[in-house]
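S.K.: Sequence:
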Amino acid sequence: MSKLKIKRGDNVIITTGRKEIKGKTGEVIEVIKKEGKDPRVVVAGLNIVKKHVKPSASNPQGGIVEREASIHISNVALVGKDGKAIKVGYKIEGDKKARINKKTGETL
Numbered sequence: 003m004s005k006l007k008i009k010r011g012d013n014v015i016i017t018t019g020r021k022e023i024k025g026k027t028g029e030v031i032e033v034i035k036k037e038g039k040d041p042r043v044v045v046a047g048l049n050i051v052k053k054h055v056k057p058s059a060s061n062p063q064g065g066i067v068e069r070e071a072s073i074h075i076s077n078v079a080l081v082g083k084d085g086k087a088i089k090v091g092y093k094i095e096g097d098k099k100a101r102i103n104k105k106t107g108e109t110l
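Take any residue in the sequence shown, note its place counting from 1, add 2, and you have its number in the working numbering.
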């Protein structure tokens with residue numbers, strides 16, 4: 003599996019998908035990377051779906067809960083300081099590998 007360029011806590015923009023979420027930005031809550039499956043990300047406050055929950059000890063009422071659903075990682079891009087999508091590259095700085103904006107060269 004290849005290395006992912008998006009990490010938890012990054013600010014991303016949704017580049018494709020439903021018109022309600024396309025073009026909106028948010029912070030990555032979780033990166034889901036499973037063997038044999040495509041990588042996905044969960045973005046805070048975006049791609050909200052309704053899930054039917056059975057009553058349990060922790061949730062005795064049950065009912066319909068709204069939560070964030072995952073989005074394929076290819077449908078999101080990192081956001082630069084200007085608010086536009088950027089491409090990510092890597093640069094060795096001393097003994098560390100740093101992520102950089104390919105267009106401007108600044109570190110992320």
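Mixed in with the good hints there might be a few duds.
Once the Cα atoms are required to be at most 25 Å apart in a straight line, the calculated DSS-like pairs of lysine-lysine come out as [as the list claims (entries may be wrong)]:
| no. | residue 1 | residue 2 |
| --- | --- | --- |
| 1 | K99 | K26 |
| 2 | K39 | K105 |
| 3 | K5 | K36 |
| 4 | K83 | K53 |
| 5 | K56 | K86 |
| 6 | K56 | K83 |
| 7 | K93 | K26 |
| 8 | K98 | K24 |
| 9 | K98 | K26 |
| 10 | K56 | K9 |
| 11 | K26 | K53 |
| 12 | K86 | K7 |
| 13 | K104 | K89 |
| 14 | K5 | K99 |
| 15 | K52 | K21 |
| 16 | K24 | K35 |
| 17 | K105 | K89 |
| 18 | K105 | K36 |
| 19 | K5 | K93 |
| 20 | K89 | K36 |
| 21 | K39 | K9 |
| 22 | K39 | K52 |
| 23 | K98 | K21 |
| 24 | K5 | K52 |
| 25 | K21 | K5 |
| 26 | K56 | K7 |
| 27 | K5 | K53 |
| 28 | K5 | K98 |
| 29 | K35 | K89 |
| 30 | K93 | K24 |
| 31 | K104 | K21 |
Note that these hints are calculated values from the structure, not bench results.
S.K.: If a hint holds in the structure, say so; if it does not, say that too.
M.R.: Right, here's what the structure says about each hint:
1. K99 with K26: violated (29 Å)
2. K39 with K105: At roughly 31 Å apart (the allowed maximum being 25 Å), K105 and K39 break the hint.
3. K5 with K36: Status holds; Cα separation ~13 Å.
4. K83 with K53: Roughly 35 Å between the alpha carbons, so the hint for K83 and K53 is violated.
5. K56 with K86: Between K56 and K86 the Cα gap is close to 41 Å, so the pair fails against 25 Å, i.e. violated.
6. K56 with K83: violated (43 Å)
7. K93 with K26: This hinted pair is violated, its Cα atoms lying about 29 Å apart.
8. K98 with K24: violated (34 Å)
9. K98 with K26: violated (32 Å)
10. K56 with K9: violated (32 Å)
11. K26 with K53: holds (22 Å)
12. K86 with K7: holds (16 Å)
13. K104 with K89: The given pair, whose Cα atoms are some 6 Å apart, holds under the 25 Å limit.
14. K5 with K99: Answer holds: K5 to K99 is near 13 Å, not above 25 Å.
15. K52 with K21: Satisfied, since the Cα-Cα distance of roughly 18 Å is no more than 25 Å.
16. K24 with K35: Cα-Cα ~23 Å, so holds.
17. K105 with K89: holds (7 Å)
18. K105 with K36: violated (31 Å)
19. K5 with K93: Given pair K5, K93 holds - Cα atoms ~15 Å apart, limit 25 Å.
20. K89 with K36: holds (24 Å)
21. K39 with K9: Within the cut-off at roughly 18 Å; holds.
22. K39 with K52: Between K39 and K52 the Cα gap is close to 24 Å, so the pair holds against 25 Å.
23. K98 with K21: Violated: K98 and K21 sit about 39 Å apart, past 25 Å.
24. K5 with K52: violated (32 Å)
25. K21 with K5: It is violated: about 29 Å lies between the C-alpha atoms, which goes past 25 Å.
26. K56 with K7: violated (37 Å)
27. K5 with K53: Given pair K5, K53 is violated - Cα atoms ~31 Å apart, limit 25 Å.
28. K5 with K98: holds (16 Å)
29. K35 with K89: OK: K35 and K89 at ~20 Å, within 25 Å.
30. K93 with K24: violated (30 Å)
31. K104 with K21: violated (28 Å)
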